[in-house]
Structures are given as C-alpha cells and as structure tokens.
Amino acid sequence: MKLLQKFQDDRYLVVKALYGGEIFIYIDDRAQKTQALGRLKEDVDLKPFWEKHVKGEKGFCLPCHLLLLPTHKVLVGESSTAELGLTLERFKEFKNRLKEVL
Amino acid sequence: MKKVDCRGLACPAPVLKTKEALEEIEKGELVVIVDNKASKENVKRFAQKAGCRVRVEEKDGEFYIHIVKGEATAQEEEERREGGKEVAVFIASTYVGEDEELGKILIKGFIKTFINAQPLPRRIILVNTAVKLACRGADEEILAALKELEGKGVEIICCGTCLNYFNLLDELEVGVASNAYDVVQALVNSDSVVRL
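Protein chains in written order, with the numbering used here: chain A, 1 to 102; chain B, 103 to 298.
Just so you know, these hints were derived from the structure itself, not from any lab.
Errors might be hidden in some of the hints.
[What the hints assert, rightly or not] Here are the computed lysine to any residue pairs in the SDA-like style, where the Cα-Cα straight-line distance is at most 20 Å:
no., chain 1, residue 1, chain 2, residue 2
1, A, Lys58, B, Glu275
2, A, Lys58, B, Glu160
3, B, Lys161, B, Asp272
Using the sequences and the hints, build the whole thing.
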C-alpha cells in the first residue's frame, strides 16, 4: 500500500491510497463512529475538499462530498454496514494494511 | 409513513439509516430528511440502486427524500420494460441541431414530451453543456420536466466532470452527478441510445 494523500483533524481521518493497483479513499469519522472505503475510478485530488472543510464552509459536509466520488464502496457504522460494490472483508483487509503504513 | 430524520448527521450515517429503514419494510414509502445536498445525493443514489423510486422535495434548505419500495416499483419496472427495450437518451448540448435559438425550443419540447413516452426512457444522460439543463438557473419548464421524469423512475445522470468544469457541482437541482465509469455503464447497459 502506498499513501497518496492524508488529512486529519480531531474528527476525521481521510486517506487516499494505492492498494492492489487501484486507488482507494478511506474516511474515518471518529465523532460519529462511522467509516467508509471507496474505490476511485479516476484519481481525484482530495485537497480542495479538505480545504473547504477546514474553512468551515456553510453546508459543506466533507464525508458526504467524498462519498460521492467512488462508485464502489463499503460503509461501516456501529450497528450496520452497507456493501455497495465492495465487501466488508475488503474493508478489513484495507484497514489492517493502512494501520501498518500510517 | 415512516420518517428517518438524518439532519445533523454526516455520511455515511444517513445512507446506513436509510438502509436499515428499508430493511424494516417489505413495501411502502419512507421519508428521509437530510440537511445538505451531498447527503441528499448519497441517499438518493443508494435508494435508486436498491431499486426504489425516489422523489426529492426541498424545503428551507432541507431535503425530504421520498423513497418507495415494493410492488409499485416492480410493476413500474415491468411496464417500463414492456416494449422489451431499455432506452437511454444522451444529451450533450443545451440545444438540438445547428440553429441555437430553434434548438433551445426543440430541446424543451423533446424533454417535456418524454414524460408521455411509452415506454419511458430508462435513463437520461447529460454531458458537456447539457448538464446546465439540470442545474439551478436552467429553464424552469425543463427543470420541472426532468424532475417529473425522475419522479417516474427515469435516472437522470449528469457528468460529474462536466459539472465540475462549469463549477456547477453545488447547483445540481435534479439527477445525480456521476463519474465517467457510471456514464459508460449507463450507455452500455441500455438496449438503445437516442442522441438529441
């Protein structure tokens, strides 16, 4: 796994990484205890999204915008998950590898 | 009618709550309330991919997403496929043909007429300047027609790259912003493509 972009504050960890020859985006919302992993079909610079979030633009929801980018994703909450083209197993694999490189 | 209030929640929570609520009902309607556009898009996409019919109402900056699951949707799908074909309409400009003035009248007429087409198109794909037809500031009759088509289950797919190019990502009023992969999939999954 190769980290391509990483942004972090008290609430969010956002990572773009090359994994298995494909680009993934990982979002961890510590406040809400939700996580998401999506596979990007085309490379997207996440910096403008993060900058909007940091500026605190009214009505801008960082993970909501980021989750519009991937077609295939898996969403993980405390009590439920949604496999939308990616499996929970893939999510766990990714998360384990991510821990090694962070 | 069941209500799922997701105001104040960030994604993916609204999508997960919608999924849970849909799993609890066999058929019928639920309303998901969200307070930002991107969240609305995520919930709408999820529900549409789950085979539900989706209609969105905006009230004071909040979005009421009406999601219908069950028999009615399946029956409508059957009716739509009655002709045996899934038709995609591909629009790449804000007007039809060479003359712009006449072309703008024509595109409005065509889009409004699609409401009465039998069968309805399965999806309408907007690329290049045509994405402006689905954004705030577009001709009101065209916007209303696209919303009505969406309410009838027609997917309105807008090229995300094009929206981004014209700085219109936050101005999308109807349909979903999609990537190149989704646009291509929508085209190859259609039995025939009508280009305006």
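(message) With the threshold set at 20 Å, check whether the alpha-carbon distance from Lys58 of chain A to Glu160 of chain B stays at or below it.
(response) Distance ~17 Å between Lys58 of chain A and Glu160 of chain B Cα, so the pair holds.
(request) With a cut-off of 20 Å on the C-alpha distance, tell me whether Lys58 of chain A and Glu275 of chain B pass. (result) Given that 20 Å is the threshold and the Cα spacing comes to 18 Å, the pair holds.
(message) Run the distance test for Lys161 of chain B versus Asp272 of chain B: straight-line Cα separation, threshold 20 Å.
(response) Holds - the C-alpha atoms of Asp272 of chain B and Lys161 of chain B are around 17 Å apart, at most 20 Å.
Checked against the numbered hints listed earlier, the structure breaks none of them; every hint is satisfied.
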